[in-house]
Amino acid sequence: MKTEFRVYTGIGIFILVMLLVYFFWSGDGGNSILLFATVGLGLLPGAYLGWWSRRMEPRPEDREVVEPGGVADQLGAFPTHSIWPFVLGVGVFLTALAFVFGIWTAVVGLSFCFSAALWGTLSSRRGGLI
Amino acid sequence: MAVIDDTVTEHVVPHHAEEPSGFYRWLTSTDHKVIGKNYLYTSLAFFFIAGLMAVLIRTQLFSPNNHFVSPQTYNELFTIHGSMMLYLFAGPFAFGGVANYIIPLQIGAPDMAFPRLNSLSYWLFLTGGITMLLGFLTASGAAAFGWVAYAPLSEATNSPGAGPDLWIVSVALVGFSGIFTAVNLVTTIMYLRAPGLTMFRMPIFTWNMLVTGILILISFPVLTAALILLYADRHFGTHIFTVAGGGVPVLWQNLFWFFGHPEVYILALPYFGMVTEVIPVFSRKPVFGYKGLVFATLAIAGLSTGVWAHHMFTTGTVLLPFFSALSLLIAVPTGIKIYTWVATMWKGSLDFKTPLTFSIGFIVAFTMGGITGVMLAAPPIDFYTHDTYFVVAHFHQVLFGSAVLAGFAGLYYWYPKLTGRMYREGLGKLHFWLIFIGFNVTFLPQYVVGLRGMPRRIAEYAASDGFTFLNRVSTVGAYITAIGFLVFIWNMWISWRRPIPAGDNPWDGHTLEWGTSSPPPSHNFHSLPPIRSQRPVWDANHPEHADYLRPPEPSRFSSRRDEAVVDR
Ligand code: HEM
Ligand SMILES: [Cu+2]
Chain B
38 MKTEFRVYTG
48 IGIFILVMLL
58 VYFFWSGDGG
68 NSILLFATVG
78 LGLLPGAYLG
88 WWSRRMEPRP
98 EDREVVEPGG
108 VADQLGAFPT
118 HSIWPFVLGV
128 GVFLTALAFV
138 FGIWTAVVGL
148 SFCFSAALWG
158 TLSSRRGGLI
Chain Y
604 MAVIDDTVTE
614 HVVPHHAEEP
624 SGFYRWLTST
634 DHKVIGKNYL
644 YTSLAFFFIA
654 GLMAVLIRTQ
664 LFSPNNHFVS
674 PQTYNELFTI
684 HGSMMLYLFA
694 GPFAFGGVAN
704 YIIPLQIGAP
714 DMAFPRLNSL
724 SYWLFLTGGI
734 TMLLGFLTAS
744 GAAAFGWVAY
754 APLSEATNSP
764 GAGPDLWIVS
774 VALVGFSGIF
784 TAVNLVTTIM
794 YLRAPGLTMF
804 RMPIFTWNML
814 VTGILILISF
824 PVLTAALILL
834 YADRHFGTHI
844 FTVAGGGVPV
854 LWQNLFWFFG
864 HPEVYILALP
874 YFGMVTEVIP
884 VFSRKPVFGY
894 KGLVFATLAI
904 AGLSTGVWAH
914 HMFTTGTVLL
924 PFFSALSLLI
934 AVPTGIKIYT
944 WVATMWKGSL
954 DFKTPLTFSI
964 GFIVAFTMGG
974 ITGVMLAAPP
984 IDFYTHDTYF
994 VVAHFHQVLF
1004 GSAVLAGFAG
1014 LYYWYPKLTG
1024 RMYREGLGKL
1034 HFWLIFIGFN
1044 VTFLPQYVVG
1054 LRGMPRRIAE
1064 YAASDGFTFL
1074 NRVSTVGAYI
1084 TAIGFLVFIW
1094 NMWISWRRPI
1104 PAGDNPWDGH
1114 TLEWGTSSPP
1124 PSHNFHSLPP
1134 IRSQRPVWDA
1144 NHPEHADYLR
1154 PPEPSRFSSR
1164 RDEAVVDR
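Going down the list, the sequences are from chains B and Y.
Counting from 38, one number per residue, gives the positions in the first sequence under the numbering used here.
Counting from 604, one number per residue, gives the positions in the second sequence under the numbering used here.
In isolation and in its complexed conformation, chain B is listed as follows (with noise of 0.2 Å):
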């Protein structure tokens, strides 16, 4: 969580910095209550994380010393091959390919992205195994 949080302050901040420089230099005010927003959007993430990481324990990728055994086991299951991405992933061409073409080809595409959301997401409830 640490990590995180450095993340998202580290890019709140420096959006501060520039804020103020861009706003000192320029005057404009515009793009300088845009710069405002995105500093929030780096400094709030960033203050929820940096409370949390101050209440958690360092994962075990994040610790100096890491006693042998006590960690195999977390690492989750992995699936090894799907067709639903390739049809996902055809299916959004096709769809895409109807702001060229015509809506026909979207007609195809969206069917195929519409079943490829519905089984993989059946599959996955199933343990990640099709």
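None of these hints come from the bench; they were simulated from the model.
Cβ coordinates follow ideal geometry from the N, Cα and C atoms, glycine included.
Stretches of chain B that chain Y covers, calculated by requiring three or more beta carbons in the stretch to come under 8 Å of a beta carbon on chain Y: (1) 38 to 47; (2) 59 to 73; (3) 89 to 102; (4) 123 to 131; (5) 134 to 144.
Selected chain Y positions facing chain B (in silico; Cβ < 8 Å): (6) Ser632; (7) Leu776; (8) Gly799; (9) Leu800; (10) Gly909; (11) Leu922; (12) Phe925.
Please arrange chain Y with the ligands on chain B, whose structure you already have, making use of the hints.
Here is chain Y with the ligands on its own, set in the frame of chain B:
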């Protein structure tokens, strides 16, 4: 590997169903190694297609008033050449190919965090690439507005037809693919590191891919949004980028370059990472200034989001001193990197194998391109050289230097890991010298011809312009480079047909990917060496010189790691 036996962690290989084989495996695999290889082959194929277009472009420019291709075809060729090289080769080769394959291995993970998303990324990349090429089959031809698609040239009145729309759809698809890959990389690096592999023990390549991933997440969505706006202008009658309806054409440039300049670092940082893996191994030293390199990467990433308008100096709409100053600042962390590479080699026992040779070639080319970049960052110089061949020479030196010279350094370095075989060393060297000489012969004259006033993106020039000789030299250089790649293809072919087994760790590598078999088993590791430093595999193979036995390097950024090391 036999040498590594005092095992700390046993990876329990997750139980899985029967794996398919052959074509169906290629279609359905969610293994990052299969997907990574697919990415490598596909992006190299796009690289060769785009390279062929470059040869056609140079052939057209060989003589004044040449009519080898028509002006319209010429515009299509340089547009698709640039778009393919940047969107379909340099990026996907690095983060879809090399990083996809190597990162999980380097951090001791069994796969990427989201294997099926990874697979989806590949299919979007492949179909997006095909979409771009489809443009050549349409009646009005492919897109012809350059890889930057400036409005109002890219608007419906100036670029009618399906070709430009295909270009927009293609870049959007490839953009989504890149975003998904970035999500995957960032998550994998944050959550799937092996126990003990703390942030400051990560290999520099992994660090650079983490930062690249974050940069992608910051910049790619802006491009996607801009593409949607452009499409709306072309088809839905909006006037976002057209003066006629009260729009602002230069807004496109702002949006595009807010993506575009981070993009050039998205295309550079992974390659910086690759040479940072190669140089220490072939110098038989740990990398010099590890934390300095991490800091430099972060600084480059931060600055690269604040310099986009240096591409727009001549529009007269940007705050020149702000963008010039930030651009000049980028040279500082970049210089730190060049310094650490040289310092890593300094007094090392250098082994001039092909990967190291390519890395040194990269340093030379990149330094030259970086220096001309600093020149261009000064508005008075940029006013003079903007849109001339001087800029073309600049960005080819940095991009060819990174994506090609450093990219092939990485490819040769990890080739034994990917295949379990060794390439032919002599052919690798020949490949290097042909493309290194060819590339310099191609682009050094372009600096001069640019300073003499030759604009970029023109299909013809007149004999009286005095550009002929330098253009001829440049074209000959391009042919030499092309021959170099034939040598590469021959090398791959012969190494495939008459394999030389390479063993698991032919280079005496430092990082975890060399601690498993070549090619690695499904889910990567049967067991991991203990991780007590930045170089776990080196430590395991050279226990008497292990890094964790050395006193910690004194550092201003000293962290808890140093104390922990002293404890032991
Ligand atoms: C020291 C760091 C660098 C500085 C200060 C710098 C500066 C510049 C400037 C000012 C331009 C605009 C020139 C013009 O259009 O008039 C430019 C163009 C360009 N640079 Fe760099 N650059 C640097 C590094 C890089 C790197 C690392 C890459 C890519 C790997 C890169 C790729 C490009 C590209 C592709 C263009 C041309 C874009 C186009 O108009 O099509 N540059 N650079
Ligand atoms: Cu730039």
